[in-house]
Structures are given as structure tokens and as C-alpha cells.
Amino acid sequence: MRPPFRLAKTVLACICAALVSTAVQASMVELEDSELSDITGQAFINLTTDSANGLNFTRINFGMDMAAQLNIKKLQLGLYSRAGEAANTADIDINNFALGTVNDATGQVNPFLIKNPFLELAYSGNKVVGVRLGFSEAQGYLSGDINRMTGNIAVDLYGKGNYLATQMSCAWYDLICAGAKGLVGGAYANSDFSAQAQLVNGGGDADPVRATMIGMVDGQKLSIPSGSGFDNFLLSLFSSGNCELLSTQTCFPLANYGSFPIGQLDPNNSQQFASAAKGVFLSMQSQNVQWRDQQDAGKFITALAGAFMNIPRNADGTAAINTSFQEAFNGIPRQDTCFGTADRGC
920 MRPPFRLAKT VLACICAALV STAVQASMVE LEDSELSDIT GQAFINLTTD SANGLNFTRI
980 NFGMDMAAQL NIKKLQLGLY SRAGEAANTA DIDINNFALG TVNDATGQVN PFLIKNPFLE
1040 LAYSGNKVVG VRLGFSEAQG YLSGDINRMT GNIAVDLYGK GNYLATQMSC AWYDLICAGA
1100 KGLVGGAYAN SDFSAQAQLV NGGGDADPVR ATMIGMVDGQ KLSIPSGSGF DNFLLSLFSS
1160 GNCELLSTQT CFPLANYGSF PIGQLDPNNS QQFASAAKGV FLSMQSQNVQ WRDQQDAGKF
1220 ITALAGAFMN IPRNADGTAA INTSFQEAFN GIPRQDTCFG TADRGC
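Residue numbers (my numbering): 920 to 1265.
Wrong hints could be hidden among the right ones.
Label-pair restraints from in silico Cβ distances [unchecked claim]:
#1 Val1047 x Asn1161: 17 to 23 Å
#2 Gln1209 x Ala1106: 45 to 51 Å
#3 Asn1175 x Asn1207: 28 to 34 Å
I should point out that these hints are in silico values taken from the structure, not numbers from a laboratory. Note that the Cβ used here is the ideal one computed from N, Cα and C, for glycine as well.
Let the sequences and hints guide you as you build the complete structure.
Laid out in C-alpha cells, this is it:
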């Protein structure tokens, strides 16, 4: 496998271009000791080093906030032959990739917000074995026609019981399913149900490598976060298996989702975010690398060899991506990312 480290060169080039593209006029002025003592501050760029699990790390931290609205016609990372995977596929393969959205009617740009980005290199001896581009916080819409995804993608599904009941197709002889459907659509019709989702294959097994589906992994259960212990005990009797739960589909093609909200949306405004996702990063490595967790320095996240995207759960357990059961079943339309008639590919 050829280490896919072109991203590091591209990122460095973009950062350097941003830093030198603005014309400035300045001159050095000597400060007295008394004046220096009155000045406090922090470096815009700082460098830190680390060592863990047999590897050395160098991180370049950029102490800034960024607002970006960008479009990439094809984001393809890790295109090589991989055992057990289809030929001519990549670790991450997204057509018409975009961050942020636009509003044609008003001319408004709704950027993807990034806080405290960093670039990190992992070394084994004097050899670079990994590159990571990470963010302390990120929020906004990520859009694209997703063909394949490798990594850790955490999703929370939510919705009312009355909608879930409409998706349960029980066979006439399945009395258990019929009884559960009656409860979900009756006594629990107005209850808020929740479930966790991740990258899976068509059989409901976790699939972190070149996945084409997302959903409930085998054994995953529904819950009612605000419900009683008895409510959740009843739900615990049923779990997802082979991408089904009580005759309801629990796995869905990634291609169904044109845009994902990264962070918590404002419930009253689909273009405003109430909070950011934490610990997001994109990395490439020639071997499995344990990157230090940005949310808990005592933990590590194992990125598999190749290209890897990490959109994890926040430290409080909430997922970086939240979507409704309706959107899970019906798909999510793509947000507009281009001014003019086209909504993608600009």
C-alpha cells in the first residue's frame, strides 16, 4: 500500500497561502522592559510533541477559528487493493463533497465552522507512518454522494413512537410483533424513542472499512431516554438482528443521505447549530495508528491503515450526527452548496 500523504502537502500549502496572501505593512519597534511586562498573549501557531504506543508524534496547532464553504467534485482517499474489499474502491470515496451551505434566495453563505484545527504527524523511528488533520470543534453541514466510508461515524436516531409504529410490518402470524406495534403506536405513541447507529454491512455487523451502509449494529436496542426503568426493560427484550428489529429495517445505504449535520441543530432553525461536534479528524496512515483522543488525553482512537474519518460521540455520550427516524427511512435531501441552478458540483 502506498501511504496516501498528499493531504498533508495540500493542507500545508493552503495554510501557507492563507498566511502570505494578505499584504501587510509593518516595522519592528523596540519595546522597553516595562512595556513588555504589560503584554500577554498566546502564539498563533505552536508545536507540541508526544510519544505513545511505540510511536512519536509532532502536532502543529493553529490557534484560530475558521469558517469555510467549499466544494470538491471528488474526494477519494486510499485508492488501492485491500483484502476482502471490492476492486477499484477507495477507503473514502465521496462525489460532490461539500462543507457548509448557501441560500440562493438571500445570497447568504452558511459556513462550516472549525475551531482550533491542527496537523499531526506520527513517526516510527524516522519514518512518517501517519498524518492527521483534526479539529477541536466542528459544526455545519457535510454533504456529498457517499460511495464508500472508512472510519468511526457515530449517529443518534430519534423519533416518536407513532411514527415508528407505521414502519413495523408484522406478519399476520407474528403475535409478538403485533403486540409490540400496538404498544409503540398506542401507549408509547408520544414517547421519544432513540437508537444508536454506525457504519454496518448488509447483515448488521459493524463495518468500519469501505462501508456502504449505516444503521443499528446487531444486538443494538431501542430506548426511551425519558422513560421509566420498566419501559426500557420492555424495549431491552428486542434487539436489532440482520438489519431488522420487529420487522422494521434498521440499516440504510449511505447514498440515501445527501447531507449530514455535524453538531446539534437548533430545533427551530435547520441552518443554525446549537452546539459543535468534538474530536473530529481525518487521517491517513500506512499502519494502524493509535491517535490520542482529543476529548480525553488518557484514551486513544485506533485509526486503521489507509484513510480514516473520525466523527465520534462527544464526551457526554451524544453523537456528532443526529437525525430523525423519518430521515433514516426516507433519506436526507442534499442541502444547496452552490449558487445558481446547480446544488452540487460547482
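Structure-based check of each hint:
no. : hint                          : in the structure
1   : Val1047 x Asn1161: 17 to 23 Å : violated (42 Å)
2   : Gln1209 x Ala1106: 45 to 51 Å : holds (46 Å)
3   : Asn1175 x Asn1207: 28 to 34 Å : holds (30 Å)
In summary, the one numbered hint that this structure violates is 1.
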